[in-house]
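In the order they appear, the protein sequences are chains A and B. Note that the working numbering has the first sequence beginning at 1, numbered continuously upward. Note that the working numbering has the second sequence beginning at 1, numbered continuously upward.
Take the hints with a grain of salt, since some may be wrong.
Quick look at which bits of chain B chain A covers, simulated, 3 or more residues with Cβ under 8 Å [claimed, not checked]: (1) 162 to 170; (2) 174 to 186; (3) 291 to 301.
I should point out that these hints are in silico values taken from the structure, not numbers from a laboratory. We treat Cβ as the ideally placed atom computed from N, Cα and C, and that holds for glycine.
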Amino acid sequence: MRFRRRPTRLRRRIRRRDYECLRGAYGKRCTLALAPPGRFAWLLSVMENGVGGMTNQNDPQVVGVAPRLELQDITKIYPAVVANDGVNLQVLPGEIHAVLGENGAGKSTLMKIIYGVTKADRGTVSWNGQEVEIANPAQARRLGIGMVFQHFSLFETLTVVQNIALAVEEPFDLDGLARRIVEVSERYGLPLDPRRLVHSLSVGERQRVEIVRCLLQDPKLLIMDEPTSVLTPQAVRKLFETLNRLSSEGCSILYISHKLEEIRELCHKATVMRGGKVTGEADPRQETASSLARMMIGRELPVCQHAPAPEGGEPRLVIAGLSRTSDDPFGTDLKDIRLTVHGGEIVGIAGISGNGQQELLAALSGEQPLDPHQTYEIHVNGESVGNLDPAARRSLGLGFVPEERLGRGAVPAMSLADNALLTAHRAGMVKLGLVAGAQVRAFADRCIETFDVRCGGHEAVAKSLSGGNLQKFIVGRELLQSPSVMIAAQPTWGVDVGAATTIRQALIDLRNRGVAVLVISEELEELFEICDRIAVIAEGRLSPTKVTAETNQEEIGLWMSGMFPGVEDEPLPDRQELIDAH
Amino acid sequence: MDTFTAIVLATLGAGTPLVFAALGELITEKSGVLNLGVEGMMLVGAVCGFAVAADSGSIWLGVLTAVAAGAAMALVFAVLTLTFQANQVASGLALTIFGIGLSAFIGLGYTSVALDGMDPVRIPVLSDIPVVGPLLFGLDPLMYLSFALFGAVTWFLYRSKAGLLLRGIGEAPDSAHAIGYPVIRIRYLAVLFGGAMAGLGGAYLALVYTPLWVEEMTAGRGWIALALVVFSTWRPGRVMLGAYLFGGVTILQFHVQGLGIDLPSQLLSMLPYLATIFVLVLISRDINTIRLNAPASIGQAFHPSN
Ligand SMILES: Nc1ncnc2c1ncn2[C@@H]1O[C@H](COP(=O)(O)OP(=O)(O)OP(=O)(O)O)[C@@H](O)[C@H]1O
Ligand SMILES: [Mg+2]
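Put together the whole structure using the sequences plus the hints.
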């Protein structure tokens, strides 16, 4: 996705109202971008409300305002790693402050310390210039801190409105709240249906719930840990408008993202972390995406190496007119999906989450096998697998990276070695029904090494890994089993730019070795970078595929709204032929 | 009083201890804690209530003591499992065994004592209406309390914010903690409530249903209460249904035994247990309702800090 650089609301407002005043304050040639953002809010508040509107006007040490939040020497030591090492950080009122860093740099840990979920071993937190001890989230919320978690903290068996009702402090009135959610979520560009049960939502929709829930709390400091990892570009744009408005009203925002363009567009200031330490600060608006990436990973950003696609691969994954009605009343029905992925090519499926991706993945992985009479609708390596379970499909050479890493991709409370065993046991790790421990550990170590997973070794439990590192581990586990068909959903969700390149390169290498790769992702840029052909899924229908070089993001973007030519021209493989071939 | 009224009254009486114990356990389990000590808590409640009532002569003092004794037993369990994170299944089983022993010990001197039991309310005029009168207006006070408890629990779970929170905590304690709720404290309250209600159920048995103390007089009712909660998929309405079904079959099989039908009485005594579980499993077999109503975190320890 690409963002136009547009003046933020805040800047527009200042420009409209009191540009002259600001020019006076900062000298004639001063551009607004040079003025420290914290002062913006302060000036703005003075301009709007007079001096009485200033926060903390008696504080003499800073011109105008004390930092909303100040961290000093925050240190958190886990048994295997030092997650935060003497971190200092200042966030001014109204500032949108980015925290950048590789996977495992300690960003989420730092945010959890601010929010009281995790306790720091050392260091102090100050709020509006006063030292405070934040022992639990309740206390953080009383101060006015809200947080959007990287791994959502929602109640799956409750509805959207019930989830939100638990987080807002107001009289208990579900109907009234539901109406407000509809209205507010529309305004934020994150539309929600308040009556739906959360477990039936896609991750993209859950992310919307998490964000709206937080915004409704009216926080003074908003912590957003990768809030846009599975949002669509349109939703991101609307969210940024909202965040800019909040910031102009004096709300501070701590913003974590691996999408550097977002940070350049949105944030006033960036703190870069590596290995638990703060390694630099920058004004993201003055940097380029690649200079930010360099600060983050400490070297040039590697680029994916493409080779021309090998010619004449055989069809390895065939979806032959798959239709299926969803069990879930809110699910999407799949309608006559036809797609063939050949050995030696990467086919991408773009689309806004909630358009049938989940259902398609469940049908392809075997999590919800098809009815027996639909067996021929999915083929892997020439075998009809429609009614086989996931284990049988994997034995036929299918590798699979699911969308949710905690819960579907890995068992949170099990060690990495055990998690590796879960899908890789076919690779000779079980002998006579006994687990060959040494081999399992060796395999886990190989995943960890090849994909540079930062963790406390193969004995670390999956949930102790940072989000991106767990993702790398899961992708590695699947790739290293040398599948002949690989299906990956959101393979680089929450992965830092350096590691994302590694994963993409690994997928390309896989395809160069003749593997058929299917990638389902919401990130158009990623698809355009690695795919040979692209299709779009919208409302349960799959578009025809386009050779990537012959299309562009505009066309695919348009298709994502459901406007694409019919699929009839995609030849349906002859059923009998497939049966005979076997 | 005709036979029909008598049977219904007896059914209600046999079901009421289960209603108390099961509704209490329902609240405990909804918060994500599995307390297998219901049988033990009922027994201790029963014997303490009986002893105090016999010594003081006040049946109501006995009832209050039973409630407190049940809660005290639950407190032991809560400290073990919530504060010290001990395994819930093992602690619950231990609580039952402990309760059986403790109640037998306390009850040593009371096995030959008989109490008067509790008088029905008997609202004048109204309770004299045939059939309906005694059933609606002539029950004992604790039965009315059990109906009120059912209403309160249902309202609490499905209409109040606190009930919503309780369900949330049972499903995802980490999420509840993350949005600022004191998970452990709320679980404590839920466990204590469960204990108090189990104690009350025990009191009903020993003070009202059969006003005397016999060792292990609960005869597995604590276990049936546990089963009711699970097989009713954690829904109060079905808990009531199951409890009265159990009561009804218990009474019917007495009558059948009385008719002198040639079946071993042991087989007939099994009937209430079998019938209750069979019916509840049958009506609650829908996997979606189970998924939506089962507290997902049940039995798992929760650590607020890490
Ligand atoms: N509960 C825990 N137990 C042990 N180690 C942990 C725990 N939580 C985090 N860590 C470790 O602390 C380090 C920092 O993790 P953190 O989640 O803060 O990274 P991050 O910067 O948010 O990364 P990402 O971008 O992948 O989300 C990682 O090495 C991780 O393995
Ligand atoms: Mg993180």
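Establish whether the coverage given for the segment 174 to 186 of chain B by chain A is satisfied; the threshold is a Cβ-Cβ distance below 8 Å, and no fewer than three residues must meet it.
holds (count 9)
Mind checking, does the segment 291 to 301 of chain B have 3 or more residues with a CB under 8 Å from chain A?
holds (count 4)
Count the residues of the segment 162 to 170 of chain B whose CB lies closer than 8 Å to any CB of chain A, then report whether that count reaches three.
Check passed, 4 qualifying residues.
In this structure, every one of the numbered hints holds.
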